[in-house]
Amino acid sequence: MSSKALKLPQTIDKFRSFNFDQSLSTFAAWCLAILWLSPLVYAVWTAFHPSEFETRFDLFAPLTLQNFVQAWNEAPFARYFLNTIILVAGIVAAQFFLCTLAAYAFARFTFPGRNILFTLVLLQLLVMPDILIVQNYQTMRSLGLIDTIAAIGLPYIASGFGIFLLRQTFMTVPKELDEAARVEGCSFLGVLWRVYIPLAKPTYLAYGLVSVSHHWNNFVWPLIITNSVETRPLTVGLSIFAVTDSGIQWSVINAATLMTSGPLLIAFLLFQRQFVQSFVRAGIK
Amino acid sequence: MFQKIFKIASTASLTSLACVGSAFAVDLEFYFPVAVGGAAATTIEKLTADYVAANPGVNIDAIYAGSYSDAGVKALTAARGGKPPQISVLLSTQMFTLIDEDVITPFDDFVSAEEKESWIGGFYPSFMENSQTGGKTYGIPFQRSTPVLYWNKAAFAEAGLDPEIAPATWDEMVDFGKKLTKKDASGNVSQWGVRIPSAGFPYWLFQGLSTPAGAILANSDGNKTNFNDPKVVEALEYLVDLSAKHGIMQPGSIEWGPTPKAFFEGETAMMWTTTGNLVNVRKNAPFDFGVAMLPAKERRGAPTGGGNFYLFKDSTDEQKDAAVAFVQWITAPEQAAIWSIATGYVAPRPDAWETDAMKAYTKDFPPALIARDQLEFAVAELSTFENGKVTQTLNDALAAAIAGEKTAKDALDQAQATADRILKPYR
Numbered sequence: 039m040s041s042k043a044l045k046l047p048q049t050i051d052k053f054r055s056f057n058f059d060q061s062l063s064t065f066a067a068w069c070l071a072i073l074w075l076s077p078l079v080y081a082v083w084t085a086f087h088p089s090e091f092e093t094r095f096d097l098f099a100p101l102t103l104q105n106f107v108q109a110w111n112e113a114p115f116a117r118y119f120l121n122t123i124i125l126v127a128g129i130v131a132a133q134f135f136l137c138t139l140a141a142y143a144f145a146r147f148t149f150p151g152r153n154i155l156f157t158l159v160l161l162q163l164l165v166m167p168d169i170l171i172v173q174n175y176q177t178m179r180s181l182g183l184i185d186t187i188a189a190i191g192l193p194y195i196a197s198g199f200g201i202f203l204l205r206q207t208f209m210t211v212p213k214e215l216d217e218a219a220r221v222e223g224c225s226f227l228g229v230l231w232r233v234y235i236p237l238a239k240p241t242y243l244a245y246g247l248v249s250v251s252h253h254w255n256n257f258v259w260p261l262i263i264t265n266s267v268e269t270r271p272l273t274v275g276l277s278i279f280a281v282t283d284s285g286i287q288w289s290v291i292n293a294a295t296l297m298t299s300g301p302l303l304i305a306f307l308l309f310q311r312q313f314v315q316s317f318v319r320a321g322i323k
Numbered sequence: 049m050f051q052k053i054f055k056i057a058s059t060a061s062l063t064s065l066a067c068v069g070s071a072f073a074v075d076l077e078f079y080f081p082v083a084v085g086g087a088a089a090t091t092i093e094k095l096t097a098d099y100v101a102a103n104p105g106v107n108i109d110a111i112y113a114g115s116y117s118d119a120g121v122k123a124l125t126a127a128r129g130g131k132p133p134q135i136s137v138l139l140s141t142q143m144f145t146l147i148d149e150d151v152i153t154p155f156d157d158f159v160s161a162e163e164k165e166s167w168i169g170g171f172y173p174s175f176m177e178n179s180q181t182g183g184k185t186y187g188i189p190f191q192r193s194t195p196v197l198y199w200n201k202a203a204f205a206e207a208g209l210d211p212e213i214a215p216a217t218w219d220e221m222v223d224f225g226k227k228l229t230k231k232d233a234s235g236n237v238s239q240w241g242v243r244i245p246s247a248g249f250p251y252w253l254f255q256g257l258s259t260p261a262g263a264i265l266a267n268s269d270g271n272k273t274n275f276n277d278p279k280v281v282e283a284l285e286y287l288v289d290l291s292a293k294h295g296i297m298q299p300g301s302i303e304w305g306p307t308p309k310a311f312f313e314g315e316t317a318m319m320w321t322t323t324g325n326l327v328n329v330r331k332n333a334p335f336d337f338g339v340a341m342l343p344a345k346e347r348r349g350a351p352t353g354g355g356n357f358y359l360f361k362d363s364t365d366e367q368k369d370a371a372v373a374f375v376q377w378i379t380a381p382e383q384a385a386i387w388s389i390a391t392g393y394v395a396p397r398p399d400a401w402e403t404d405a406m407k408a409y410t411k412d413f414p415p416a417l418i419a420r421d422q423l424e425f426a427v428a429e430l431s432t433f434e435n436g437k438v439t440q441t442l443n444d445a446l447a448a449a450i451a452g453e454k455t456a457k458d459a460l461d462q463a464q465a466t467a468d469r470i471l472k473p474y475r
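Residue numbers (the working numbering), protein chains in the order written: chain A, 39 to 323; chain B, 49 to 475.
A couple of the hints might just be wrong.
Unchecked claim - Quick look at which bits of chain B chain A covers, simulated, 3 or more residues with Cβ under 8 angstroms:
1) 104-116
2) 149-156
Said to hold, decoys possible - Here are a few chain A residues that face chain B, going by a calculated C-beta distance under 7 angstroms:
3) F149
4) L170
5) V172
6) Q176
7) R179
8) L261
9) I262
10) N265
11) S277
Unchecked claim - For lysine to any residue, the following SDA-like pairs were computed, each having C-alpha atoms within a straight-line distance of at most 25 angstroms:
12) K331(B) with F65(A)
13) K94(B) with L276(A)
14) K411(B) with E382(B)
15) K230(B) with F95(A)
16) K331(B) with G182(A)
17) K309(B) with G182(A)
18) K457(B) with K230(B)
19) K361(B) with G182(A)
20) K309(B) with P193(A)
21) K272(B) with L423(B)
22) K131(B) with P193(A)
23) K331(B) with T210(A)
24) K309(B) with S266(A)
25) K309(B) with E268(A)
26) K231(B) with F91(A)
27) K437(B) with G235(B)
28) K331(B) with Q108(A)
29) K131(B) with S266(A)
30) K131(B) with I278(A)
31) K331(B) with L276(A)
32) K437(B) with K331(B)
33) K94(B) with E268(A)
Since the hints were made in silico from the structure, they are not lab data. Glycine residues also receive a C-beta, built at the ideal position from the N, C-alpha and C atoms.
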């Protein structure tokens, strides 16, 4: 009797705590997922239906692609896509190159002023890029680069965040591997290429994703530094739909938004597993 | 104006590459914001291209610069960065800020005495209130608007009101509103009487109440506000009472963007919004609608709004001459008429309304005349030095009163005290 009485609450407790915990976190995950999805669902709904159904839900409302046609015709999106892709690819490539070399130097070499220099790089993380807009504009002007795609990207390529992240990753690479490669006759750059970079792949993937999505969405700086269709990225092109005076046409703006964010969404869905894993491994949360 | 000037170091940029062929023409950059939909940008670009085609000595790059606030940031950054546009359309209320930053120059020095009389003197005086200070003209009215009242004739008829008559006074608006507000069996409102959007920048439509009440919010030197005048308090109390006491307007803050939609869907029988919406409402309203001046209290009254041309300082005299010539052309009657018909903005000169195109348009669509007729009673949109801060102070006070957090008087007293503190250095 007594053993039974002792046992029973224990099993109930176990049962309860297991289930309660699990279901609570599942419930929370669902809530967050729905919260995150709802604007997207609304965007998809309005984009594929005529504008009369913007604020009315009718399961059998007629489907249409007219909004996409209208959005596509109101701005040269093909050109904007090309510009954005050139911009983002250029920035990420330049960031990888610069940050890798800098991070390697900070991680594995000792030289006078190393700590001061690294502190300066870290200080960059504290400065909001928006504060520097006027200064950056002056620099681009003296370089004669106003209204070029290069001018949109240049201020971002020496990324303090990238250097910091890669340095931390390189520091975790066992020294023995480095030394073994050196014994085999690898040069400094050979070690970087054959040992460090392959081991830091998850970090590159994670950092690349953060960088791509940031620059894909960046708005203020590209708007200020560019003047023509040939250089402007998607975000600036999209802003032409966000007009308040004549009332917002949600169906067209959502069609345009889906078009511009589509490639990123598809890429994320395709590579979802790799992204999540690399985030976990790289320790960015 | 046709003097040869050599292009400066920016040849690396794509724009310049594109126009190397005209290296001996005067090059101008012209920023414009758009607040009324994609077609407006096309209209400006087309007008500019027409001008360039007719004037081989000048080359104008019309650059779309986003919303009004984006365009303001872009123009100021470019000016501080040493490469301003020669001309830009920016909010008329930014005049004092631009003067304070020392980036613009008055138009007066670049026009003859005769042009000053015929051109600058030819705009509606209420639009010039926001364009001149200290006897100088810093802004040339271009995409200007004023708020008007739109009403749903079908809803008026259904409520037993004369569908052809809009409320002319504050009291009438409340009376009509009570008849127009419809509730279903469970007490939920299915149609409100009136909708005055207040989110974001409530001060503008609020001026449509404070002006009829008999108050002017700021002096023309831009260094003194009048927020806690008893008449301003009365106006705010009226606005708050529309929801709180009379129950004819949706309570709380009301968004601008969905306002036309709410009108089309019959969620409100009357709405206050800018004439910039005229073309949109005409195209999309599924019922007969009317346009009226804002209702009167002591007098009729409304603010003006929208954008002016500004002439930037940091450019050569040839560029400035060419820029002024272009502004003269694009604000001339024919062009102003094209622009007004395409967008619904109010053509800023009486002679633009005398053109054949405009006469044909207003004959076909008489509501377009209401905004023009209201100009007689219109006053300047609130504009002071430190405009962003001062306007925000008033916006916060209005929002607090609308949300019911403060009484109208307390909120406005505090706003006035803050504005006094901000504007002290400019007196």
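Is the hint on V172(A) kept, meaning its closest Cβ partner in chain B is under 7 angstroms away?
Interface hint status for V172(A): holds (5 angstroms vs cutoff 7 angstroms).
Can the restraint linking K457(B) and K230(B) be considered satisfied, given a maximum Cα separation of 25 angstroms?
violated, 31 angstroms
Would you mind confirming whether the straight-line C-alpha gap from K309(B) to E268(A) stays at or under 25 angstroms?
violated, 35 angstroms
Can the hint on Q176(A) be confirmed by a CB-to-CB distance to chain B that is less than 7 angstroms?
holds, 5 angstroms
Keeping to a limit of 25 angstroms between CA atoms, is the pair of K131(B) and I278(A) held or broken?
Measuring from Cα to Cα gives roughly 24 angstroms; hence the hint holds.
Given hint P193(A) paired with K131(B) - CA-CA distance at most 25 angstroms
holds, 18 angstroms
Min Cβ distance, R179(A) to chain B: is it shorter than 7 angstroms?
holds, 5 angstroms
Interface hint check: N265(A), Cβ to nearest Cβ on chain B, cutoff 7 angstroms. Holds or violated?
Since the shortest Cβ distance to chain B is 4 angstroms, the answer is holds.
Pairwise hint evaluation, L423(B) against K272(B), where the allowed Cα distance is 25 angstroms at most:
With a Cα-Cα distance of about 24 angstroms, the restraint between K272(B) and L423(B) holds, given a limit of 25 angstroms.
Between K331(B) and T210(A), is the straight-line Cα distance small enough, at 25 angstroms or below?
The hint is violated at about 64 angstroms.
Given hint G182(A) paired with K331(B) - CA-CA distance at most 25 angstroms:
At roughly 45 angstroms apart (the allowed maximum being 25 angstroms), G182(A) and K331(B) break the hint.
Satisfaction of hint between L276(A) and K331(B), Cα-Cα up to 25 angstroms:
holds, 23 angstroms
When the structure is compared with the earlier hints, violations turn up for hints 2, 3, 4, 12, 16, 17, 18, 20, 23, 24, 25, 27 and 32 and for no others.
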